[in-house]
Amino acid sequence: MTEPFIEFRGVSFAYNDRPILKDLSFRVERGQLVAIMGGSGSGKTTLLRLISGQVRPQQGQVLVDGRDLARMSHAELYEHRRRMGFLFQFGALFTDLTVGENVAFPLKEHTDLPPRLIDDLVTLKLNAVGLRGTEKLMPSELSGGMARRVALARAIALDPALMLYDEPFTGLDPISLGVIAHLIKKLNDALGTTAVMVTHDVHKSLDIVDYVFFVAQGKIIAEGTPAEVRASDSPWLRQFVDGAPEGPVHFAYPAPTSLAADLGLEAGHA
Amino acid sequence: MKRTTIDLWVGVFVALGIAAVVFLSLKVANLVPASAEQTYPLVAEFDNIGGLKAKAPVKSAGVVVGRVAAIELDAQSYRAKVTLQIDKQFQFSRDVSAEILTSGLLGEQYIGLTQGGDPDNLAAGGRITLTSSAVVLEQLIGKFMTSFAEKGDGKPAAAQ
Amino acid sequence: MLDTLLAPLRHLGHLSVNAVWRLGFASRFLLAILRFSGQSLARFQLTIREVYFAGVLSLIIIVVSGLFVGMVLGLQGYNTLSRFGSADALGALVALSLLRELGPVLAALLFASRAGSAMTAEIGLMKATEQLEAMNVMAVNPIARVVAPRFWAGVISMPVLAAIFNVMGIFGGYLVGVVMIGLDDGTFWSQMQNAVDLHSDVVNGLIKSLVFGVAVTLIAVFEGYDATPTAAGVSGATTRTVVTSALVILALDFVLTAFMF
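Quick note, the sequences are listed as chains W, R and D, same order. Each residue of the first sequence is one higher than the one before, counting from 1 in the UniProt record's numbering. Each residue of the second sequence is one higher than the one before, counting from 1 in the UniProt record's numbering. Each residue of the third sequence is one higher than the one before, counting from 1 in the UniProt record's numbering.
These are computed hints drawn from the structure, not numbers from a lab. Honestly, I wouldn't trust all of these hints.
As the list claims (entries may be wrong) - Derived list of chain W stretches under chain D, where covered just means 3 residues or more per stretch with a C-beta under 8 Å from a C-beta of chain D:
| id | segment |
| --- | --- |
| 1 | 27 to 40 |
| 2 | 81 to 87 |
| 3 | 103 to 116 |
These numbers were taken from a predicted model, which means no experiment stands behind them. Backbone N, C-alpha and C define an ideal beta-carbon position, used for all residues, glycine too.
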């Protein structure tokens with residue numbers, strides 16, 4: 001087995017007193033496209049924020065390329081982020097810059113390339129996501145799917161060694177969704193990037209990824225290749241893949257009091 | 001493209017600001033004498049300076065020739081020592097006299113210089129010996145009342 | 001029972017602790033801005049862009065307000081001064097009130113409501129739409145890239161706007177006093193020039209506006225950066241910028257006046 005690109009070793013994380021991840025361990029191999037799936041609030045996004053170094057675990061280690069993120073200085077952490085692309089859930093384009101300036105942003109901030117070359121690179125990156133010719137538009141003039149693609153072009157501007165996708169399929173129509181999924185797969189194959197994608201869109205993800213982790217209640221409860229997941233008869237996986245409301249995962253929030261008590265129907269209240 | 005227009009506007013903005021400051025300095029505040037190279041100091045001692053303040057004008061025949069630079073109390077004589085900065089183009093003779101005057105009845109106080117007849121002029125840092133103090137209104141009224149009372153006392157005494 | 005009595009007290013205590021907390025955070029924020037100012041001032045283009053939004057776009061409101069304030073001063077000043085037979089001193093009155101107090105204070109209040117609120121809303125929205133976070137993830141420090149240029153733009157713009165406000169105000173006073181009422185042109189200016197001192201009036205007024213510029217812009221960028229990243233949070237932060245700026249300007253004005261004049 002080769003050395004993993006990303007490794008979680010017994011990671012625990014909590015926001016204040018609310019535990020999000022509990023003693024989580026997994027590995028992602030170099031060059032793989034991996035999906036992390038789970039219901040809302042299962043700590044998927046926190047997982048990405050741990051990899052990008054935006055938050056630090058209370059226990060355990062997050063290693064990227066063999067280095068512990070928690071031990072990095074501010075400058076080293078920024079160095080790590082320069083080699084990383086992050087696609088935000090809603091794109092997070094800079095609304096005061098044009099599309100072209102948005103894509104050029106990482107290039108201008110981190111390189112001393114001449115403006116002509118930057119313009120050419122921007123054209124190439126936009127061409128890669130099929131949006132060449134939109135350089136002069138403002139982000140407010142784009143549809144949701146186009147904005148997501150511009151954000152993708154911006155994320156890959158510095159040819160990152162690691163791509164992180166936060167819910168890349170949320171809120172897109174089926175065609176945009178297909179285009180984004182196709183782009184993610186294509187970029188991964190073309191650039192040889194290691195990629196981690198957080199999503200709850202099971203069917204689309206299974207089509208493109210190499211490996212899947214399922215997260216629930218802060219733990220990894222299942223993993224496997226897409227073929228293994230589809231063939232699995234674990235009740236948990238079946239519920240998730242088929243989208244049934246009841247099963248091992250409870251749809252309702254675990255309220256401390258019963259519904260009857262909340263409505264004042266219990267004996268003694270009336 | 002877009003940047004040059006912004007640069008242009010910011011340039012106009014800053015130029016307007018500089019023009020405003022220049023206008024305020026030259027037209028609103030008179031940025032004329034004050035600089036030490038064009039003035040020379042003179043010293044005058046007064047028994048009482050009344051309400052004279054630093055930067056008050058020094059006038060000769062009603063024309064401003066300088067300003068009061070500093071006012072301090074002489075620790076030996078207990079008189080007020082006033083330093084004047086006079087414009088270099090005006091020279092005063094050694095027997096020039098200085099008095100503290102008031103513009104109008106209740107206006108600001110200033111120093112009036114009256115040129116003397118001595119052919120020798122005062123050098124820089126020279127002392128004006130002929131000085132008369134400020135007229136303090138309360139003292140003036142006090143004096144008036146006293147002399148009025150004395151006259152009132154005198155008359156019946158003479159009649160008796 | 002006791003609880004209902006104590007609740008307001010507890011609320012008050014909570015508010016005070018929160019205020020002190022924010023004051024500490026704001027101070028640390030100012031230090032961070034100063035620390036990262038070097039790299040952002042090295043790319044001065046960023047600051048120039050913000051001077052355009054904060055300064056140039058505030059010009060119209062500053063020019064028009066300055067003109068009207070000067071005209072009102074001219075009218076009111078003339079009415080009062082002419083009762084004492086000293087209408088000649090109108091120029092001095094207009095210039096001194098503007099240079100010492102009204103210019104710096106009113107320009108700062110207008111700047112806070114025009115440019116300060118816009119800065120807060122912009123930074124707050126950038127935070128709410130994850131733009132600041134995105135920058136951070138792209139290894140670009142948002143304080144250096146977003147906050148520091150806006151801060152310096154405000155600090156540069158404020159004295160310029162105050163100086164323009166003063167000139168417009170004096171021009172307004174001149175319009176009313178000389179052109180409308182018919183005071184003597186020469187007396188107006190010479191009385192003004194006699195009364196106004198370059199250092200103690202003009203320079204001190206500009207120092208005041210510089211201090212106000214630092215205060216207003218710091219409040220504006222801080223409120224934006226500290227805003228709760230929701231629509232309600234950003235609108236609350238924008239309101240707080242205007243209210244806090246107004247109070248801070250007036251309080252600082254008292255302190256500065258006590259020191260200067």
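Hint check:
1. 27 to 40: violated (count 0)
2. 81 to 87: With 4 residues in contact (Cβ-Cβ under 8 Å with chain D), the coverage given for the segment 81 to 87 of chain W holds.
3. 103 to 116: Coverage by chain D holds for the segment 103 to 116 of chain W (4 residues, Cβ < 8 Å).
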